Amino acid sequence: MTSARRGRPAGRTPQLRIAETVAAELRSRILAGDEDYRLPTQEQLVQDFGVSYPSIREALRILETEGLVTVRRGNVGGAEVHRPDESSAAYHLGLALQGARVTLGDLADGLRLLEPQCARACAERADRAETVVPALTANADACAALVEDGVAFTHTAREFHDLIVSFTPNLTVRYVVSTLVALWSTQEEAWAEALTKRGEYPSADEASEVVRTHRRIVREIAAGRASEAERLYRTHLTATQALVIDRFGDGVVNAAASARSAFGSTPRTRI
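Position 220 of the sequence shown, counting from 1, maps to 214 under the working numbering, and the rest follow consecutively.
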């Protein structure tokens, strides 16, 4: 029985294969290109690949479902490129975790296993005084100025965690843990917004205690005391996570919250 007899449009399979081949090439260009890489116009792509417009449009749809491009239609149409980062990875991981009914408590457990090792790695860097410590100190100073503003304080305090992970020398560990941190951050910031609206956000004194702990972690990193930096970081992580888990620990990871971070909110600290 032919594909047409089965109700499948003739030529659909070859066109899809062509589109997948084009998408694979464009995907490679996007991932290998620099931050300013732009896709050629559809007209140029048709000429470059020697294929039809429908094949090019199908290739772009494939890339759009992967989050690598956004296709703008109409008079100002075109394809905007999005290089994958920890936020977009967190969104896709969030979908998988939400589909598996993974709880925030489970996510928190995973972070307590992995994230403190990044603090250890920071303390073991020979160049920590020139690279790690100034950035962490600047963040702690920024947090200290925001203890009266719950939402802004939480966002900036979460960037402290982003920085710790971003200075981890091992790239694989850096990207894996940063994805988990980005996913948790969206949950914690949603928690901060909800509590602020209800007037239940922790007090300025409690926020100040977070700043003091961050400064202690920075001192341990600066002194190169890797084991103590890891221990203190894990203790701090447990305490701050408890605030969220106490209310929402049985709740399932929410990929929609990650979508806001990945596709349109204020950019977080980049790796």
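Just so you know, not all the hints are guaranteed correct.
Stated by the list, open to error - Pairwise CB distance ranges (calculated):
no.	residue 1	residue 2	range
1	203	96	27 to 33 angstroms
2	143	241	17 to 23 angstroms
3	236	131	24 to 30 angstroms
4	221	241	29 to 35 angstroms
5	103	131	26 to 32 angstroms
6	132	225	30 to 36 angstroms
7	166	94	36 to 42 angstroms
8	94	23	31 to 37 angstroms
9	191	34	20 to 26 angstroms
10	200	10	39 to 45 angstroms
Simulated from the structure, these hints should not be mistaken for laboratory data. These figures come from a predicted structure and were not determined experimentally. The beta carbon of each residue, even a glycine, is placed where N, CA and C say it ideally should be.
Hints and how they fare:
no. : hint                           : verdict
1   : 203 to 96: 27 to 33 angstroms  : 30 angstroms, holds
2   : 143 to 241: 17 to 23 angstroms : 20 angstroms, holds
3   : 236 to 131: 24 to 30 angstroms : 26 angstroms, holds
4   : 221 to 241: 29 to 35 angstroms : 32 angstroms, holds
5   : 103 to 131: 26 to 32 angstroms : 30 angstroms, holds
6   : 132 to 225: 30 to 36 angstroms : 24 angstroms, violated
7   : 166 to 94: 36 to 42 angstroms  : 23 angstroms, violated
8   : 94 to 23: 31 to 37 angstroms   : 33 angstroms, holds
9   : 191 to 34: 20 to 26 angstroms  : 46 angstroms, violated
10  : 200 to 10: 39 to 45 angstroms  : 56 angstroms, violated
Violated hints for the displayed structure, listed by number in ascending order: 6, 7, 9 and 10.
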